[in-house]
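Which chain is which? The protein sequence lines are A, B, C and D, in order.
Residues 1 to 147 in our numbering are what the first sequence spells out, letter by letter.
Residues 1001 to 1147 in our numbering are what the second sequence spells out, letter by letter.
Residues 2001 to 2399 in our numbering are what the third sequence spells out, letter by letter.
Residues 3001 to 3399 in our numbering are what the fourth sequence spells out, letter by letter.
Watch out, some of these pointers could steer you wrong.
To be verified - If you only want the chain B side, here are some residues facing chain C, beta carbon under 7 Å, derived:
hint	residue
1	Pro1031
2	Cys1033
3	Arg1052
Because the hints were derived from the structure by calculation, they are not lab data.
Positions of the beta carbon are idealized from the N, C-alpha and C atoms, including for glycine.
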Amino acid sequence: MYTEKVIEEFTNPQNVGELADADAVGEAGSPTCGDIMKIYLKVECDRITDARFQTFGCAAAIASSSMATRMILGMTLAEAWDLSNADVVDALGGLPEPKVHCSLLARDAIRAAINDFRTRRGLEPLERGSGCCCSGEGGCDSCPGND
Amino acid sequence: MYTEKVIEEFTNPQNVGELADADAVGEAGSPTCGDIMKIYLKVECDRITDARFQTFGCAAAIASSSMATRMILGMTLAEAWDLSNADVVDALGGLPEPKVHCSLLARDAIRAAINDFRTRRGLEPLERGSGCCCSGEGGCDSCPGND
Amino acid sequence: MSDQDQRTLYMDHAATTFMKPEVVAAMAPYLSEHFGNPSSLYRFSRESKNGVEEARGQVAAAVGASAGEIFFTSGGTEADNWAIKGIALANRNRGNHIVTSAIEHHAVLHTCEWLERQGFSVTYLPVDGFGRVEPERVGEAITDETILVSVMTANNEIGTVQPVAEIGRVAHDRGVLFHTDAVQAIGAVPIDVERMGIDLLSLSGHKFYGPKGTGALYIRQGTRVETLIHGGGQERGRRAGTENVPGIVGLGRAIELATADIEGHNRRIAAMRDRLVRGVLGSVPDSRLNGHPTERLPNNANFSFRYIEGESILLLLDGRGICASTGSACSSGSSEPSHVLLATGLSHEEAHGSLRLTLGDANTGEDVDHVLEVLPEVIGRLRRISPLTPARTRVPEAE
Amino acid sequence: MSDQDQRTLYMDHAATTFMKPEVVAAMAPYLSEHFGNPSSLYRFSRESKNGVEEARGQVAAAVGASAGEIFFTSGGTEADNWAIKGIALANRNRGNHIVTSAIEHHAVLHTCEWLERQGFSVTYLPVDGFGRVEPERVGEAITDETILVSVMTANNEIGTVQPVAEIGRVAHDRGVLFHTDAVQAIGAVPIDVERMGIDLLSLSGHKFYGPKGTGALYIRQGTRVETLIHGGGQERGRRAGTENVPGIVGLGRAIELATADIEGHNRRIAAMRDRLVRGVLGSVPDSRLNGHPTERLPNNANFSFRYIEGESILLLLDGRGICASTGSACSSGSSEPSHVLLATGLSHEEAHGSLRLTLGDANTGEDVDHVLEVLPEVIGRLRRISPLTPARTRVPEAE
Ligand SMILES: Cc1ncc(COP(=O)(O)O)c(C=O)c1O
Ligand SMILES: Cc1ncc(COP(=O)(O)O)c(C=O)c1O
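If we strip away everything but chain A, and leave its shape as in the complex, we get (with noise of 0.2 Å):
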């Protein structure tokens, strides 16, 4: 039922593990109801620098884990929050219909990142709808590269 992207990403997933100096920590999902990611960023300057994530679930948790982690390195804060469930499962090549919510899990350990990533700084957490995560470090323009 997977595809073989699926498959591939599942069976050798990058990006596990920790990061004991992580910038911030992000987990989602319950083990009630069968998956639960947890990531760990590092960010310069607003734009994620490393990830890694541990995953609790399914094959499309755990590959949907494994892409979104690949997909926000080098991203922006800011990009990183909109990154889409359907931006990871087009990734993937696509998922079966009812493994599709698995990876809303990957979406909400990021926002979930970012977020703890802002209130460490003293910033008020974004709300679901919110579009933008700037840290407020100097502008998100000022960072190099960011242009």
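Go by the hints and put chains B, C and D with the ligands onto chain A.
Here is chains B, C and D with the ligands on its own, set in the frame of chain A:
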């Protein structure tokens, strides 16, 4: 579903036809229920000396017609009256349960013929339950061979 | 007239068909190496799942449906039961009336009778002398309470093909769902569920050179049908039970073959059948063809021979190696002969004296010749035994 | 850890089994030359009829019934549906209450839920931590309204064998009919419907090396059961539809083979299974065996591995060629894991982390060795990915 004996008797029925100078004719059944048997008897001194039949019906009806005419040949009318359909079924080596009723046809036609014989002689037709069917012509015992 | 003639000449294809070698070949791998449960997750079971889904596509293509509208069953009977009970039970709040015909298969009739015992009311439409349901009658029978019209595509006994598209139109004009039992029609009548206004359609594998114990129900997308067999999530949650994978694969292949060239097939079969009919009616007095002269299945010849009874015809034919069928009750041990023949207006005697010969893909012109040689003999023989035969019809035994 | 290992190691025999060559051989003639409809009258169809009746005798012998009490169905699911709906609908006037267990197969549970929607009331008995139904509980649940007790002989997920004879006794003491779903038990648990007090019993061919899409229902002589599938007079008028002759023949041969030496078979399979269980529990920390330690099917091993989820175990095993199953909901796309595992008291996390390995006749000691080599690696790998794994259980990757 039929025994070999039934098929054999049906495929090569004995005593088929009419007797122009029959002493008795009997009929049973109706086309509505799918079978009719007509039987023709020659009777000498209360003994059946010839028997022929015509049957409209299934293999069981035809086979039991043939078998019954074979069985009553040489019988006294009393013996023929007492021929039960179980006797015919036994002689055929059995009939499938839903077909047993077809063998009643022969018994009923034989009894109708015996009553025809009696009526022709001014005797009362016998009731179903009745056991004797002497024609009364000098008593059964007076005929040759009835000892 | 005994068992000398050892060869079996099978002319009872409406009862069941042999399986085509291509069908058996398609099934073979699923009887051995591809045995996985289609519901399983591992790659090994993908062959099974793909086999089932390919067959679903084949069935869909054969009736002009989409694959998502095809549900596999254990045969035509289950499909009929599911369609009719499923619609009735799911639409109880909308009405309790069903319109069907007097000549349906027992899978439909006995299902309807069961529903009557559950409080539904059923109209059994009469047919004309050829066994046709008149579409106007369907319209007249529909009431505000009617939730389903069920009329078969073609009759299994007399082969009469119904004006299904017209009946579908009448039903739809009145907002009523239309089911058709197409068990006998597949491979002979081109089916297009769209064009014919069919909402549910039953079919059965063993009537078109596929496996016994396989069938399918087409359910138009969006039609509410209550489940008949509850359990696991197979067939998208609508028909539970581990799939009969080899059977389904065989069904798919068989329907593909059966519908590849319906016209050519019909032409070939009907030519033989027509010669058979002409030959029989020409050589056997007091015989008639039952069913419709033209609107009939190409392989069906159903005769009535007066003065004699069907089972005995059938068994004498069997003695000569010919396999046929009859609508006489004596074959079933009840006293009522075929409800179909009676519905067309036949007397009991005529109905009892019926014989059905249904041709198939393996029959040849020689088979027809052989039947034409044997059948009049058999009829003559039985007529000589019958008390009903008039003198003019009684042919003396050949020496 | 990729697709290199091409050989398929099948350890999911509770899902379905391959067909034994003897079974395929028994079926073969009925797939080609013996294609007659068993209901037909001519000699040619006698082979079909005899095939069906021989199979009926084989099934009867296997469960201690007489042939007249065996009715063929399209599988275990249909048999379960028929038994439970059939008893309920035929005994409506006597009561409206059914007693079953919380760990039945969905074919039973969803049927019971449907009956609840029709106005019946159902008690779903709890089980103990090993998945056993206590017979006293059955007695307590029976009321004056109870018309049926339905408890499975052995569970398909955790393999727990129920005290069926005791449950039968309790039901009969209270004058209540007893149905058991023996789909998983045939060939492993010796069945005697008399001794065990069973009034109805469901079985399914594809669970004991027979064909998919075949099953049977045993109905004790004299038991009133409403028909589920209406139509022709097949199966003595109680289950309509042209018989799946090759399937039925295969079922008969398969059950004969499966029950010829249950004890020897169980000894051989259980020895492998026990080594598997010991090996897994010994090498994988925080693992447990689900189900009963001794009262279980000889081929069933059901584990829970904490901190990880079943579908991902299953797919990594699949990558190594091993076919297994899980009770995790993620395999079915719902969020509730196996109702059976939850009923035995497992937490959601443990239930999600379950793996079922079910051995079969073709498995060898080497298969067990291979699983014992691969499985701990797979578990370790997933535990390294999981955020729930405690440090003491996290094994570093082997270099
Ligand atoms: C205990 C149990 N009951 C019923 C069934 C249903 O049987 P089938 O798949 O043959 O319909 C199964 C297997 O799927 C089962 O394991
Ligand atoms: C018109 C019709 N409907 C339904 C059926 C039942 O199909 P099956 O025998 O596959 O259950 C048959 C054949 O027996 C049939 O001819």
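Now the hints, each set against the structure:
Taking 7 Å as the C-beta cut-off, the interface hint given for B:Pro1031 holds, the closest approach to chain C being about 4 Å. Because the closest C-beta pair between B:Cys1033 and chain C is about 4 Å apart, less than 7 Å, the hint holds. Nearest Cβ of chain C to the Cβ of B:Arg1052: about 11 Å, over the 7 Å cut. The hint is violated.
Comparing the model with each numbered hint stated earlier shows that hint 3 is the single one that does not hold.
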